[in-house]
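Asks: From first to last, the protein sequence lines stand for chains U and E.
Residue numbers are given in the numbering used here: position 47 of the first sequence equals residue 47, and the series is strictly consecutive.
Residue numbers are given in the numbering used here: position 520 of the second sequence equals residue 520, and the series is strictly consecutive.
Note that these hints are calculated values from the structure, not bench results.
If you're wondering where the values come from, they're calculated on a predicted model, not measured in any experiment.
One thing to keep in mind: the hints can contain errors.
Across the chosen pairs, the derived CB separations fall in these ranges [as the list claims (entries may be wrong)]: (1) 72/U x 612/E: 18 to 28 angstroms; (2) 29/U x 305/E: 43 to 53 angstroms; (3) 359/E x 29/U: 16 to 26 angstroms.
Short, incomplete list of chain U residues facing chain E, as computed with Cβ under 7 angstroms [stated by the list, open to error]: (4) 27; (5) 28; (6) 32; (7) 62; (8) 160; (9) 174; (10) 177.
Cβ atoms here follow ideal geometry from the backbone N, Cα and C, with glycine treated the same way.
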Amino acid sequence: MKIYSVLSFSVALVILGACKKDKKDDVTNPPVVNEEELITTFQITFTDAAGVQPTVTAQFVDLDGAGGNAPTIFDTIRLQANTTYNASITLLNESVNPAEDLTVEVQEEDQDHLFCFSPTGTLNLAITRTDSDGTYEVGLLSSWVTQAVSTGETTITLKHQPGIKNGQCDPGETDIELTFHTIIE
Amino acid sequence: MKYVFTCAFVLVSMINLAQNCGFSLTGVVRDEHTKNPVPFAKLSVESIGRQTQTDSLGNFTIGNLCPGLLKLRCIPHFGCEPVDIDVQIPTESLLVIDVETHIIDLDENVIIAYQFRRETQAGMKLSVNDLSKVKGATLGEQLMRIPGMSTLNTGSSIVKPVINGMHSNRIVIVNNGIRQEGQQWGSEHAPEIDPNLAGNLEVIQGASGLQYGPDAIGGVILVSPDPLPYGKNINGWLKLSGNSNGWGGMSSALVSGSFKRLPKLAFRVHGTGRINGTQSAPDYFIKNTASNDYSFSGAVGYKGTRLEADVFYSRYTSNLGIFTGSHIGNLTDLNAAFLAEQPKDSGYFTYAVEKPKQFIQHQLSKLNLVYHWTEKVKSVVIVGYQYNLRQEYDLHKAYNDSIAALDLPAFELNLWTTSVDAKTTVLHSEKLKSVVGVSFFQQDNAYAGRFFIPNFRKWQGGAYYTGVYESENWQLDYGLRYDLSRLKVYKYEGNVLTSPERDFGNLSASIGASRVIGHHVIVRANAGTAWRPPSINELYSDGLHHGAAAIEVGDPLMKKETVYNVQAGMQYKSRFAKLDLSVFWNRFDDYINLQPQLPAQLTIVGAFPVFHYEQSDVRIAGLNGVLEIPVQKWLTYTIQGNLLIADDLETKQPVYGIPSNRLINRLRTGTTFKNTAWSWFAEAEGITVFEQKRVPENADYAEPPKGYFLLNVSVGLSKKISATQSLQLVLEGSNLLNTSYRDYMNRFRYFTDDPGRNWTVKMIVPFSIKKSTKNN
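One chain only, chain U, in its complex shape:
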């Protein structure tokens, strides 16, 4: 009787244990780091609307994402005075090979995203978004109008506003926030 009880209990335990999903093999074989989706690279390209000044590109690159190693590239934006630039933004995940272009994804979900540009008061610079999701602006494309020589900072923010986009920068979660040192020369 005793022996049978113990036996049947043990069997029951084993059966219960066996029902679990078992992925223990994964323990010694962890995922390669940065397998997840990451925006590693922010690129903004300025082309002179008049086609006179050379094209300018500014980048921020942090290949291992937040934490870990410091960003490898954080450019200064250098623009010519009294010029109208057409700016376009590119987002990349360069932690994978080949690099993944995330700009397309933002474009597809443009009704959930908004770029905001805020130059400091010291800059003689006016920035307006030039694209639209149908209702509100998006900001992947924008127009930068420079005037007299000046320096300052320009903060570029990408807001994720699923279902709450109202054209303002306020609502939502911040996906990108970069403050570029800016020189108008």
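Starting from the known structure of chain U, fit chain E onto it as the hints suggest.
Replies: Coordinates of chain E only, in the frame set by chain U:
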């Protein structure tokens, strides 16, 4: 007091007629459940100042008694509560008296002076099914009635218990005899336990805590179901509750019993379902705070004369919405959120759990074997297997459509734990008992998605000895334990898979003494040392902690944390007052704590403050007290308070994240209706929480929130159905004044107020399937 579980004494007395004053009273003390005699139970005959003790077979005889009323008293000693029994001498009727006692086996922690911590009001133990005393739905909230307890919250649905300012890795939760092994290092990871299954919740400190591991620095929380009811009828209870804030509901049922033809077999089945919608603060809905959880458990057992065996399985599943406004992108968002009077995203009512959210599952299987070698020696072996799954979903779905379509969690942690515990209890004499045991566990952790902690494998083993010596007025308890722990981590350094290994080992010890002084006072002192190996996040976390808006960096070279503590306390009990006071002093070597680092780190999402796990010497001291005064026969006033002081001795700064001091004033009234089994109670409670002024500089984004006052009331009706069961109906109102407040121990204090007024109706309906013929 061997082999006695939470039990009722059944006292059968027989009166033998003899000469004048030559009457004698004989009887036997038996365990209610097993009907086994209880040896060495102490009784006193108050009216004539004599004492007696049952013999090894539980029998007692008191001779030379005169006719008249005799007051028998269960001596307020370490074994039972002071209950008076009146016997008319001579009498021929059979006297059956139920006495609630809380004696448990030595190995289930009687080591701490029993009286000292088991007073029903001031004590460290709560009966979960006493709806008049237990509040809240989560384990953390339900423990709040115990002095020194507080909670660490993440919003309103994630509640972690805190003992004397210590939580997470510094306390051990023992669920049904097994250490709960989840991702308990995280402050936003609530214990994966349904408290409804527990008959009792208990907090233990001192030598008996050593049985559960070296790391019970703050204490052990025991969540214990009632023992399987061998030889009893099938019965159970149904518990229902509904609450107004979040329009939530809970239903829980338990059935347990034994079959007539197989009295040696017993079973228990239990299930709970709970759902709650969006909760609201006094002025707005707190967006995405819906939650639901489900749990199930079953147990079967066999109890023979020498062998007992049972198996237990439980499964707990929980879905928790995380307040959307807490999911901030960077420090700018955080500052904006903090300056805002109320969250920018206004909430709405729903039962749906939206993103960000947590999905948690915990499974536990257990085999428990007990063998009685002799009447005085028994061994227990517990084999356990636990699987813990934690999935956390971000608000933001992936940019890439094909990844987004999979709807994967941002990260997932799988934890498997296999444990074996074995111990032997020896009753050397009626005064001396000891427990010797070994324990071992192996743990595997695997993650998927975003890196937060690495995969690891952990082994930990230990051996211990604890003992207790009891005399008439003294109780001495002591214990010693040694543990070794090995942690092997599997992670990529660049593109190379590495598997660094860390070993830790140390001694833990505890010694305590208590003394009964007169009839009213017990004093106690305890000293001990405990330690813990650094947890995985303290060693290896490296990255952005969403929701905390901080980059947290571990230190792979972290040493173990050791604590030396001293506690002293006294308990006074008379018909004028009950007082329970304790002071404690903990000195930590290499206390592990997050320290702010400058400068902030730049990322594509903006700048984040950086915190490093660092070690320093810390002191945590405090005071807990409860005073209960029966102002009138029908009115009791209780005042309960606690005070905590925690300092980093190296930086000469207070320690971050220590609960504020609080004071509870409570008035309770109630009586039993004459000649019925019905009784009622009403209670009003004012909770004053003071502002936490002792905070380190530059370690927090904002000043701690102001102090606040909450008013709670409850009224209830109950009908006693048997010695252990009653029908109860309770109406409870919490935060009755609908005060807007934020608590320092709520991680969402930056973003939102705590919930406002909540009405709860709850009831418990006991039932039995066959009409009881035996005395319960």
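Asks: Against each hint, give a clear statement of whether it holds in the structure.
Replies: Quick rundown of the hints versus the structure:
| no. | hint | in the structure |
| --- | --- | --- |
| 1 | 72/U x 612/E: 18 to 28 angstroms | holds (23 angstroms) |
| 2 | 29/U x 305/E: 43 to 53 angstroms | holds (50 angstroms) |
| 3 | 359/E x 29/U: 16 to 26 angstroms | holds (24 angstroms) |
| 4 | 27 | holds (5 angstroms) |
| 5 | 28 | holds (5 angstroms) |
| 6 | 32 | holds (6 angstroms) |
| 7 | 62 | holds (6 angstroms) |
| 8 | 160 | holds (6 angstroms) |
| 9 | 174 | holds (3 angstroms) |
| 10 | 177 | holds (4 angstroms) |
Against the hints set out earlier in the document, no violation occurs for any number.
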